[in-house]
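**Student:** Starting from the given sequences, assemble the full structure and let the hints guide the process.
Numbered per our numbering, the sequence shown spans residues 1 to 561.
Calculated from the structure, these hints are not laboratory results.
In silico DMTMM-like pairs for lysine to aspartate or glutamate, Cα to Cα no more than 25 Å straight-line:
| # | residue 1 | residue 2 |
| --- | --- | --- |
| 1 | Lys345 | Asp357 |
| 2 | Lys165 | Glu307 |
| 3 | Lys165 | Glu306 |
| 4 | Lys162 | Glu306 |
| 5 | Lys107 | Glu118 |
| 6 | Lys382 | Asp308 |
| 7 | Lys162 | Glu278 |
| 8 | Lys165 | Asp289 |
| 9 | Lys382 | Glu306 |
| 10 | Lys165 | Asp308 |
| 11 | Lys518 | Asp289 |
| 12 | Lys393 | Asp308 |
| 13 | Lys518 | Glu278 |
| 14 | Lys382 | Glu307 |
| 15 | Lys463 | Glu239 |
| 16 | Lys165 | Glu278 |
| 17 | Lys162 | Asp308 |
| 18 | Lys162 | Asp386 |
| 19 | Lys162 | Glu307 |
Have a look at the derived ranges for each label pair, beta carbon to beta carbon:
| # | residue 1 | residue 2 | range |
| --- | --- | --- | --- |
| 20 | Ala313 | Ser383 | 18 to 24 Å |
| 21 | Ile530 | Gln132 | 42 to 48 Å |
| 22 | Gly60 | Leu398 | 41 to 47 Å |
| 23 | Glu307 | Lys518 | 29 to 35 Å |
| 24 | Ile437 | Thr108 | 23 to 29 Å |
Where is the CB? At the ideal position from N, CA and C, for every residue including glycine.
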Amino acid sequence: MSDAAIGATGAEVQPQKKTFYERLLDGVERLGNKVPHPVMMFLYLIVAVIILSQILAFAGVSITEQIAEPVSYSVQHNYYEDTTQVQSNVPAEGNQYSDVHFVVQKKTISINGLLTIEGIRYIFTSFVANFQNFGVLAITFIAMLGAGVAENLGMMNALIRKLVKVAPSRLITFLIILVGGLASLASDAGYLILIPLAASAFLSLRRHPLAGLAAGFAGVAVTFGVNLIIMPIDAMLTEIANESITHAGGHPMSIVNNYYFSIVSLLMLCVIATVITERMIEPRLGTYDTSMLSPTEASASQQQSEEDAAAEARGLRFALFGTLGVLVIVALATFLPGAPLRDPKTGDIIGNTPFMDSLLFIIVLFFLVAGICYGIGAGTVKSSNDIFAAATKTFNSLGALVLMLLMVAQFIAYFNYSNIPTVVAGALADLLERASIPAILLLIAFILVIFLLTFLIPGIIPKWAIFAPVFIAIFLRLGIGPQTVLAAYRIGDSPVNVLTPLMVYFPFIITVAQRYRKDSGLGTVISLMIPYALIMMAAWVLLFVVWFGLGIPLGPGYPVR
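**Tutor:** Right, dumping it as structure tokens:
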């Protein structure tokens with residue numbers, strides 16, 4: 001027994017009884033700690049799919065559907081003596097998109113067991129191909145290249161510091177939250193740089209630093225799924241969705257499928273978070289007692305030499321020049337008559353055009369050039385080796401993600417091979433069609449399901465990889481596009497990031513809070529963030545309902561219904 005547990009009279013001091021709220025948080029933490037690592041989670045899911053598929057196959061589970069299938073054309077195969085390759089002669093008819101015809105047929109879809117001879121053969125023979133053909137992998141490496149190099153060369157950190165420093169005091173809350181939203185382009189910079197800076201900025205303005213911490217945390221985490229700029233996460237979410245869409249017979253999407261909705265959502269959420277911070281969080285916290293902070297800690301966030309500040313300013317000027325250079329090149333390749341990024345037939349820029357197909361590469365190019373130019377100006381790039389080192393560090397940091405994607409690729413492939421998502425989606429869609437439940441109510445229910453599951457599975461990619469194959473197929477049957485399902489998923493996923501103890505940066509957030517209040521803990525941070533999560537979630541759902549009701553497109557060429 002510790003001395004602290006003994007009172008002055010020698011009697012044992014009874015521990016303070018925990019409130020229901022504290023017991024609830026403890027329960028969430030204990031339950032969350034039992035959730036396995038994402039790689040192991042998908043491994044367990046793969047085993048579950050294999051076993052479940054065989055049980056359902058033995059039970060003879062199937063569904064009969066009216067399916068539109070393309071009319072096939074005969075292909076002649078020629079074999080030559082000096083080669084083992086088959087040479088195919090495809091007839092002229094059927095060799096063009098305009099020649100494809102469909103016929104509606106009644107088809108029975110049965111569950112394919114993965115423990116049959118054919119199923120086991122598929123598991124062994126498709127393992128490499130599943131990963132090789134999993135588009136998310138290449139998209140991830142390409143998308144992270146530009147932002148990763150810019151971050152590792154120091155541009156993202158310098159940009160965040162600059163924006164916080166020059167922000168007018170009246171707008172500091174809104175701008176911190178907005179910068180936090182934009183910082184989801186490079187999540188490490190947002191969590192590790194912006195949140196401590198936000199607390200320090202509030203302290204320098206004689207405002208409570210924990211209010212600044214809460215505002216920064218809300219900006220980075222609650223708005224994580226949306227942005228003013230196309231993010232690497234958009235590419236990964238879209239590619240996972242396309243894997244499911246293709247299997248369900250739909251048309252793949254581009255990364256701008258939620259772009260309009262993302263812009264409006266981010267700006268609205270930033271305004272709401274500003275009001276919450278200034279009208280709810282700061283009055284609750286009251287005036288900060290600076291005696292709780294040591295002089296060293298009080299000045300730590302402001303310790304930057306004039307030389308470093310000058311180097312950062314020079315680097316940001318160089319980054320601006322590089323950005324303008326890329327902008328000129330892209331404009332010349334897009335807006336001139338007959339430009340290569342226009343549609344070669346119609347001359348369109350928006351739609352199914354080379355420009356839209358090039359968006360991800362264009363964004364990567366902006367960040368890559370701006371980051372390199374910053375490094376040259378700030379002195380973080382002395383030679384080409386520094387650029388290669390930054391790119392290598394970016395790819396090295398993706399090792400755990402690549403391993404998880406290996407498991408995700410196998411899970412999606414085996415899940416689709418078994419026909420479980422098709423049969424489940426068909427059965428549930430038939431049930432929902434007969435129930436005549438309005439589509440918007442189903443989407444709200446989907447949002448709430450994702451909201452609750454995020455407490456246990458906080459990662460935006462792992463959850464989407466699990467639920468996209470089933471829910472996209474279900475909603476497609478009900479006439480709801482995958483872009484609408486993805487928009488609903490973003491709403492359900494992001495607000496919980498500030499509440500779940502399983503979020504990987506939560507220990508860091510608590511550590512920052514303890515700089516300003518020594519007794520800060522998990523309950524301190526979560527109690528600060530509950531108003532953000534619940535109010536912003538409710539407002540976001542309301543925006544979605546209004547958006548759906550008015551039929552506003554979610555992105556260029558992507559209707560909401």
